[in-house]
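Work out the full structure: start from the sequences and follow the hints.
The chain contents come next:
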Amino acid sequence: MSQAPAFDRRAAAAAADAKLGEALRFTTGRLQAGRAAALAELPDADALRDHARRVRAHTLRHLGRYLDQFAVQVEALGGTVHWATTAADAVAVVVEIATRRAARLVVKSKSMLSEEIELNHALEQAGIRVVETDLGEFIVQLARDRPSHIITPIVHWTREDVAVLFRQRLGAAEQDVADIPAMTAFARRLLRREFLAADIGVSGVNFGVASTGSIVTVTNEGNGRLTTTTPPLHVALMGIERIVPTVDDLEVMLRLLARSATGQKLSVYTNIVTGPRRDGEVDGPRELHVVLVDNGRSTLLAGELAEILYCIRCGACLNICPVYQRVGGHTYDSVYPGPLGSVLTPGLHGLAAAPDLPQASTLCGACRDVCPVRIDIPRMLVALRTSSVQQGLGPGWVRLGVKAHAWLASRPRAYRAALRAVGVASAPLARQGWMARLPWPLSGWTAHRDFPAPARRPFSALWAERRRAR
Amino acid sequence: MNTTERERMRAALDRASAAGFLPEAAAPHPGRFVQAADTVAPAVLIERFAHELESLAGHVHRAPDVEAAVAIVKRIADDHGTRSFLAWRDDDLVREASSSLERDGLVQKPQNVALAGPERVSSLAEIGTCALGITGADFGLADTGSVVLGCGPGRGRLASLLPPVHVVMIRLERIVASLAHALAADPTLASRGSNLVVITGPSRTADIEFTLSRGVHGPREIHVVVVG
Amino acid sequence: MSRITRVQLFVTCLVDAFAPRTGLAVVDLLERLGLEVECPDGLTCCGQPQLNGGFAMEAAALARRTVDLLTVDDAPVIVPSGSCTDMIVHQYPRLLADDARYAERARQLASRCYELSQFLVDVLGLEVVDARGTGHVAYHASCHGLRGLGVRRQPEQLLDGVDGLTRVPLSEADVCCGFGGLFAVKMPGVSGAMLQRKLDAIEASGADTIVVTDLSCGLHIAGGLRRRGSRVRVVHLADVLGAEP
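Chains as they are written, first to last, in my numbering: chain C, 1473 to 1942; chain V, 296 to 523; chain Z, 17 to 261.
Calculated from the structure, these hints are not laboratory results. Please note that the accuracy of each hint is not assured.
Computed from the model, here is a short list of chain V residues facing chain C with C-beta under 8 Å [unchecked claim]:
{"hint": "1", "residue": "P318"}
{"hint": "2", "residue": "E391"}
{"hint": "3", "residue": "K404"}
{"hint": "4", "residue": "E504"}
These figures come from a predicted structure and were not determined experimentally. Glycine included, C-beta positions come from ideal geometry on N, C-alpha and C.
See the structure below:
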């Protein structure tokens, strides 16, 4: 007997966790409301989104050319650009930079790409201490947990959880964890020391600007600024699709990003780095390395999932998704959860790596509605499901049922006979027209709801009768 | 070695683009985005700027002239018991304020951060003692309550980043409607120096239980003194 | 707008099997509005669950069959389901675009196929339908009807026009109920969790009846309400409007 898919089992456990449910509901509700208000405030949100989408489409169509332009600009300013096809290549580049400089401490600002390529582990293996500086990621790292949302990584933690963690792992005193401001201040003091002592700052890249070779990091805390300012060497990890042609294009994306993500008009720090410290400047790193990472993106670009590369990582799709809202990020077991991850993860790593994710949706379309660049995620989920069927993945009983139905549905008399037979057979099992228990494989339905008994006489029979009577 | 990697990746990208799977059939660059209407009328730029920044718990102070502006900065320094501060050298408004503070006996720390060795540690340690950072700004953005700071010689990044209190001195006419307006007025703004930062309110996080805390890594307080 | 005198009705496979009286209610309603109604023989399933489940071949076969049956006559086609209408209007042309025998007919069919409330309000131009009812009702929007077809205001308007009925708001009315076709049995845990949230909203609304345009949502919600021991009923819009006034 086959079980429900792994995703569904994890989902059921998550849905039973009332605390998690409350946290998800509260946070996603606030983020959704924030987004709606922030976009309503713009005189031309729809036009802006259409424009942003066209910029993304154009950029991806000419991605190679824009990456070339970007690289030339960065190098003209004295930076170094590395091209990494695989995750292993990217990791090797960073580890090499770090070991060549005998680095002992790396501070990191938020980078989902670094999680995708599993950079931290590799640096630690090389004897280098890595400290996440985004407060949520810092806590995740400390607890050896995983983030559950791309914007608010510890939506699944309570303040008590954090207090316990700080006391146990950091030796925090009672007054250090008395309340949330205290805990934040404690983390700030600790991380400040790390920022000032670090040999290397590793950042992600929200956007690279091709015309100027600029790298943009967007944070509310300021860790994006500190990571890219105090250490003498800065490594920026950039997915190859995270590029825009010009500064004007950047401005359009920025106008949409924070509003879509949290409802803020702009994040607190929009940090634009253009090359390393220049002659005469007083601070900033002297060395800048940009690692352009492919890791499956060029393969994605060549296929019917290419549109997912338009994504600007705002998280709006997670916040609106009724599945995500009920089960949270960990259920997806993926660096990228939610609707985004359901396409991106099998897209980058193949269906076999994440066979359940494309199935974990009712295709309601809410994600497509809120995406700032109008990505048609449902279309791509169907494409992935179609590939699944072609590859013979998925439960056999569904396949059998669909084939049986297809046979019957093209033969009206057999279909009607089958309906009548089912109607008759289920009548004794039904109470007041409902069945409380269906046999496998349909038992999944009755685990949560009653199933209606089919009518004794289908509409086709009633209609035929009515027609005869006239 | 790296060149071969680049060539391989470029070839893969060219092949991918040629496969033509992107939804948009022809994808010309749409040009510059033309806004439907000005989000902020010129007559109310400062009001809107103040409203936006104050809603983020930032502080906006109006000063009719430089003298009044300096007095405001002194008051802020005083309120925070400031003994040492970090300030831009290459900004005439800020220099006025710095000189005045120094005359009062406050110590201005050097902005320069040495690149290596014990000088680096000590320069950062010195900067770390500053309670106050004073900068100018290239622009103020009315629609978001932001200030735009380009770095350059004499205009360090850390003055607006490490001290817990950040004071910005800006002339009224530098407040424009939005970032798009600033870029239109000053097209090389973003890439003239190694860093441009758009600062919108004090540092904050809501990572823990979606509860707001300020001053996580950046300043917990920001004061913008508008002159004119 | 040319005067329509005759329509074809595709009741959908769920109405056929589980709620045939709803099918008759649609017929009664349309006939009371002076229309001649024909239900082409042999219609079964539109193929949406198959398409959404990744079974493209089976979906295309059902699409061809449905196109064949509904293009013999060129009268408008009415469907009491947002999902099935969306399938015919938006997916059939795409699915059959490369099939020379069907592409044009699929497009033609798509141009004259309507969800019931859409037909009544947007095509016939009705503000209300003469009908009577009692109690408090709340409307749950089907995702494909809402986002695929833009159906939202029409059912609400029609319900507001029913004498004796009070319509109350349903919180999170736009949020998916968790049915999703094959999803309901392939991912029962998630489906069940989404259903519970919808049921909570329904119970909080104070409605004694939930009105749906899609029987798929309807059966899923009704099954859940019954499992909870709730007294709240679920009816199709046609049941409300089609009842003899």
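Verification of the supplied hints:
no., hint, result
1, P318, "holds, 6 Å"
2, E391, "violated, 20 Å"
3, K404, "violated, 11 Å"
4, E504, "holds, 5 Å"
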